[in-house]
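Number of protein chains: 2
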Amino acid sequence: MSVLVVGSVALDTIKTPLGQCRRVLGGSATYSSVSASFFSPVNLVAVVGADFPKVHINLLQKKGINLEGLEIKKNGKTFSWEGEYSWDFSDPKTIATHLNVFSQFDPKIPKEYKNSEFLFLANIDPQIQAEVLKQINEPKLVVCDTMNYWIESSRSQLVKLLKDIDVFLLNESEARQLSGETVIVKAARAIAKMGPKKIIIKKGEHGSILFSNKSVFSVPAYLLESIFDPTGAGDTFAGGFIGYLAKNKKVNENTIRRAIVYGSIMATFAVEDFSLGRLGNITPDDIKARYEKFKALTCF
Amino acid sequence: MSVLVVGSVALDTIKTPLGQCRRVLGGSATYSSVSASFFSPVNLVAVVGADFPKVHINLLQKKGINLEGLEIKKNGKTFSWEGEYSWDFSDPKTIATHLNVFSQFDPKIPKEYKNSEFLFLANIDPQIQAEVLKQINEPKLVVCDTMNYWIESSRSQLVKLLKDIDVFLLNESEARQLSGETVIVKAARAIAKMGPKKIIIKKGEHGSILFSNKSVFSVPAYLLESIFDPTGAGDTFAGGFIGYLAKNKKVNENTIRRAIVYGSIMATFAVEDFSLGRLGNITPDDIKARYEKFKALTCF
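Chains as they are written, first to last, in the working numbering: chain A, 1 to 300; chain B, 1 to 300.
To be clear, the hints were calculated from the coordinates, so they are not data collected in a lab.
Model, not experiment: these values are computed from the prediction.
We put the beta carbon where it would ideally sit given N, CA and C, even for glycine.
No incorrect hints appear here.
Residues of chain A clear of chain B, computed beta-carbon distances all greater than 12 Å:
hint, residue
1, H98
2, P110
3, I136
4, K160
5, K163
6, K249
7, V251
In silico lysine-lysine, BS3-like type, Cα no more than 27 Å apart, as pairs:
hint, chain 1, residue 1, chain 2, residue 2
8, A, K197, B, K293
9, B, K186, A, K288
10, B, K15, A, K186
11, B, K186, A, K293
12, B, K293, A, K203
13, A, K295, B, K250
14, B, K295, A, K250
15, B, K214, A, K288
16, B, K288, B, K249
17, B, K293, A, K250
18, A, K295, A, K247
19, B, K193, A, K293
20, B, K203, A, K186
21, A, K203, B, K186
22, B, K293, A, K186
23, A, K295, B, K197
24, B, K186, A, K15
25, B, K203, A, K293
26, A, K295, B, K293
27, A, K197, B, K295
28, B, K288, A, K186
29, B, K295, A, K203
30, A, K193, A, K140
31, A, K293, B, K293
32, B, K197, A, K293
33, A, K293, B, K250
34, B, K203, A, K203
35, B, K295, A, K288
36, A, K293, A, K247
37, B, K186, A, K295
Based on the provided sequences and hints, a complete structural model is requested.
Set out below in structure tokens:
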């Protein structure tokens, strides 16, 4: 089963205590598409400018990602983000955001994608996420991500969107910000009342927790020796999550739990290098090996 | 199989954002003994003063804890600690510590405890922990806890002791402090070089991780709606851990993993009220129910 991913494709300039990079391939839809592509076919809908390097197009194509929905604006520049991480590698400081072509992004879903069953609304303006959702006929599973910026600036649009979301992903601080609750269990319960059937709270190096009305599932994180650049970890998690579900076609408690484990594992590859440096070069065997290690790490 | 617990029995005065209490039953050996008593017989070695309320003695006896090794100094006062927690419920601020009878604590292990196979050196001066260890003939499993205060003030004694420890327990910040490493995997590896065969790093609401030369085991925490008072959580974890192992007599990868899960579960009861308010009143069925919930929370 294919996954439809709608979100940002960007050029990132990043500084961490361990190094820096300039205008490398990034964006929520990029990380999630590449991650999902290891499990199922991916259709990407996004926009870039004329400055978007051909080498990045080649990489996405090499991963088998269908780029029919990737609009290239001849008179525009690609969305770019510049950020800096401190030693705790948590939320980065944004140095600059240039929306560029993204400021007028009005995604037209290609006709052949309108019956998509697995839809990932990657981190973009919730208003645009809602516009996309309207264009999909009867999605089987709608997964949605967001970020602190939208919770602050577009709260009402986000809350409205949440009524139609199956799985809502957010990190701990976003969950607290959106709900006004400090205890995570209470935050999740408050967000559940806004509509999403399931909520996944990502805790970075401390793992993640799935809340649904029937059950709670908590997993630790895979243990990494070092993190190089956390950019895209959440997007990569989401891509692995929905990709695994699309591959299995079934969405139930068991497949969702395993999808979270695969999402966690995919994220570990994303943080081991800048951009797609590591994630773009892994093999299915790498994923399998890390899944087996993860099982050994957690079983009792 | 019995567990021998040596550590502090105290009277605690505690303030949290949710309430306060004065001179309630506390101490590392108290929490760990009561926790272990749900799994196996416990022999306690500690010291208190003439002011130690009989009602506390009764509670410990009711739990079947053997108090032959609890010295009552007729001319002394019980060790007391006064602390305050802020909303993050992490390391408390110490307002006052009165060592009292504890300042001259020179534990004499009763003859019939000298062949103890399961020994827990609860959080006290590492010099005293070493003196205790010398008096035990051939322990099968020596578990040791400590705190930031000893890492700072008695580092060399602690490091010397660690050569003879099977399982060393400490929290994240203590692991960083002792090793000088910020990344937990590296901190654990550095501490392993100091001697302990296994290291358990407690991460509070984020679970715990076991490191040994053969494997790593990571578990999330049981999800609580609210924490009332975190005092004694680590001691209670340790008591459940060693109690479960003593009950099963076997110390191997499987039993140690399950012991960590039981330790985590016991700690959740400790934090639900001041002192032994909750932990002292649970039943084996409460533990069983929480273990089943924990399995459901974590399996995939």
